[in-house]
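A.B. asks: Top line first, the protein sequences correspond to chains P and V. Using this note's numbering, the first residue of the first sequence is number 1, and each one after it goes up by one. Using this note's numbering, the first residue of the second sequence is number 1001, and each one after it goes up by one.
Just so you know, the hints here were simulated from the structure itself, not pulled from any lab data. Predicted, not measured: the structure shown is a model, and the values here were computed from it. A virtual CB, placed ideally from N, CA and C, is assigned to each residue, including glycine. Please note that the accuracy of each hint is not assured.
Label-pair distances were calculated between CB atoms; the ranges are [unchecked claim]:
no., chain 1, residue 1, chain 2, residue 2, range
1, P, 77, V, 1188, 28 to 34 Å
2, V, 1079, P, 124, 38 to 44 Å
3, P, 170, V, 1203, 31 to 37 Å
4, P, 61, V, 1196, 48 to 54 Å
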Amino acid sequence: MKSREGLKIARLLMVLSSVSPVFVLWAVRGSNGGVPNVCFVLLCVLLFLTPNLFLLCRIRIATKKKGQGPRELVVGQWDDRGDHLLVYLFTMLLPFYSADLGTLRSVVATFIALAFVVFLFWHLNLHYMNLIFAMFGYRIFMICPPNSDNPFQEKTRYSLITRRVSFLPDQRINAYRVSDTVYLEAK
Amino acid sequence: MKLNFNLDAITKVSEFCIGREGSGQRRFVVVPADRAVIDELEKMVRRTWDGMAAHEDGCVKYEPSNKYASKAWLYVPLVDEMVVEMRNMHGAANLPSNAKELSTDPNEIYCYFVRLTDNQGQKLTAVRRASYFKAVSKRPLIQVFDDSVVMVTNALFKLDHDFDLLIDSEHVHILRLGAFESIGRLSEAILSSVPDNISFIKEQLPFIELGSIESYARTHIRAARYLASICAQENLGRIDMQRLLNQCVSTEVKAREVEGKLVIDVGAEMNFLQVLDRRRYGMELVMDKPEIFVAGSRKKA
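The following block holds chain V by itself, in its conformation from the complex (with noise of 0.2 Å):
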């Protein structure tokens, strides 16, 4: 997977942004930077794909229902409806600018991030999850000067080692999933996705009658992280309603056939969703001794 950008050609043309967050509403605003700074911030883009590059595993594409480790290369296409915020923030032109926005309420600033160009015209945003900038403004902090000591009273904005995210034209590049979930407010993304996922999946398995799973799934967030994974499914329209009715029997889900659909009994909403997303398994190793697990992480072999 390569980036959309060349970070060997980045020109001048760069902004430097804070996210702010205030009763339920979030905004960007530009902040004036030295060219210093912004050097360092390029530098930071540069850590955080060498960081992205090093994983052995690779890219891999983002599941919603899947467990991931704290720091993992991850991408999700900037089309997709779950990254609307991230696409957003890329796209946002013409935004306000003031410096005195960094020190106005620093504990509203949950992000930061540089949007540079390089000598193609791409565009690269990389984002960071301000949150120890938070803790460092909430201490006072001593800095030696000359041969005194001060108290600095100023709230000061500390720089991380890299970002969390990276996003070109066509992909967000995750590096912390945790960044990317309070960033891109995934979850209420989601859920708001759920209506849309289930007109997806009545189309490609009109055999399957998903009224209470649809009910189920706007209120409970797993749920709703399955459907979104079973719609990024291939030959999700190809699934045998007999073969899904055997898995169902077989890993006792409770679900029946009843006029030629399959309608799934109050209760075992979530269990059904596991066998769809292809999580929810039986063995038999020891005789007469079935044993049902649910995988928190798979892998195709």
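Just chain P, with the same shape it has in the complex (with noise of 0.2 Å):
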């Protein structure tokens, strides 16, 4: 059975979003005479703030009181990804913040190298990886369903984003819709 994930745009600039601090970086250090340097900053500014806006407002959407509301989630089996960020910060943040920026050749070169690694993270349905949830004291748990006899109970794993730090066993939690495999914990 083939499963085709919704929300496809969304993912892609929630995605873009977990890399908007290479952007920052960018910003800073300038684009070092590849392109003019105000093009540049302002094309890292909108890359920055583009899909942080919207992910901000895919939040806001799917906690909205008028919403569809969260749904049931148990959680039987759990494993914390907070190591998926620090191999997020040494395989992507500082390789790309150390790319040579200097003609223009090698900034297409590194955008290109870039897009590779978006689409990688919206292919494997990573775009939960976000520095910006952990600076407001989230974390990211894979959580799966209890084993159970019952036949209609799939495997399904859910990212959860929680300020939770661990689960009770078969703990069930209200969470929000965030894409078909990324829930952020109700308060």
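Build the complex: two chains, separate frames, hints provided.
C.D. replies: Printed below as a string of structure tokens:
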């Protein structure tokens, strides 16, 4: 059975939000002559603001009072994905921060490399990896339902954005849908 | 009979789901829905409960061998093996979510349901067979938009007036029996429970030779339904062998006693089950003209 996850554009913008700290660093660093500095900084500001504003809108829509409302998720097994942020830091931010932007060719090549990374994040549903969540005190967990003989209970894995540090066995929580695989715990 | 759910204290925690059936497999998917849709589904739940409460006879326990009106208020305990499909639907956690499922292969959608939570944390699942949706999706519809008429090419999903079933923590409440039997795959559930039912009856009535009945019931759904009903009877173990044999003789059921056991002739299995299920009667209102009846539906006076 093919799984056709929805919100394709939303997930893409959320991935861009994940990589947006790179644009902040580039804007501060400047283009080193590859492209006119003003244009480069404006582009970086645009690439930073647009997906993050979208992410904010997406979360507000998901959590609004007149929206669908939260759904109940049961946490059987859970896995702290905080280490992914470290991987993200060392494989994403640092290499791209130090990329050479001295010529037009190197700027284009860097953006193409970034596009590959963005595509991979989007394809692998890693759109939840975002430093901004961490800055606001949120953690990311991968949760699975408890083992059950119920044939309708699939082993669906969700990414849960929450302020908790752990879960009780078979704990039930209410969470808003940010995407088909990412949920934000309701207060 | 009360609902184990407070309809006046429904919280915002809810799920709108569809059931899909393809290649003999069933699965459920959560479809994200706007608050307005959830509100309408909650109204459907209230209308369903009001419709059930309006039945003069009140709530009657469902017996698989009885015949009922197409719309009646029946209930089955959620622990009953007959409703294992409903129990799994009610209890399945973390169903996958996908907004596109509603428009993909709509003919595969066989039901839709909403799962609600009240302020005490109690859950209610309201289920509706989606047969009307399939009919609508086959025909093009015309929608008036502003002053012009346009063709609607996308599949439409139309909500019904009420639900067929309500499932709370203890019971399945049935408003439409046909939908319950279809959604719950009742025939399969009853046929698969034949060995367990035979074992149960063997313990209660060890003097009956049940071998031929088990073979017959495994392939005949009506006989399997009688078995399920018989197992639910009170005082099953107190049935007297001689009285049972007398009733068989008086209603022309071919059964005889062989070495202390009641043996049923081949071909008489169904008739014997009718006697055991208390629905085969003999009457002689006219001299020398005995009549034998089989009750499709019976109710204890």
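A.B. asks: Next, verify each hint and record whether it holds.
C.D. replies: Now for the hints, and whether the structure bears them out:
1. 77(P) - 1188(V): 28 to 34 Å: At 32 Å between Cβs, range holds.
2. 1079(V) - 124(P): 38 to 44 Å: holds (42 Å)
3. 170(P) - 1203(V): 31 to 37 Å: Check passed, 35 Å falls within 31 to 37 Å.
4. 61(P) - 1196(V): 48 to 54 Å: holds (50 Å)
Every hint from the earlier list agrees with this structure, and none is contradicted.
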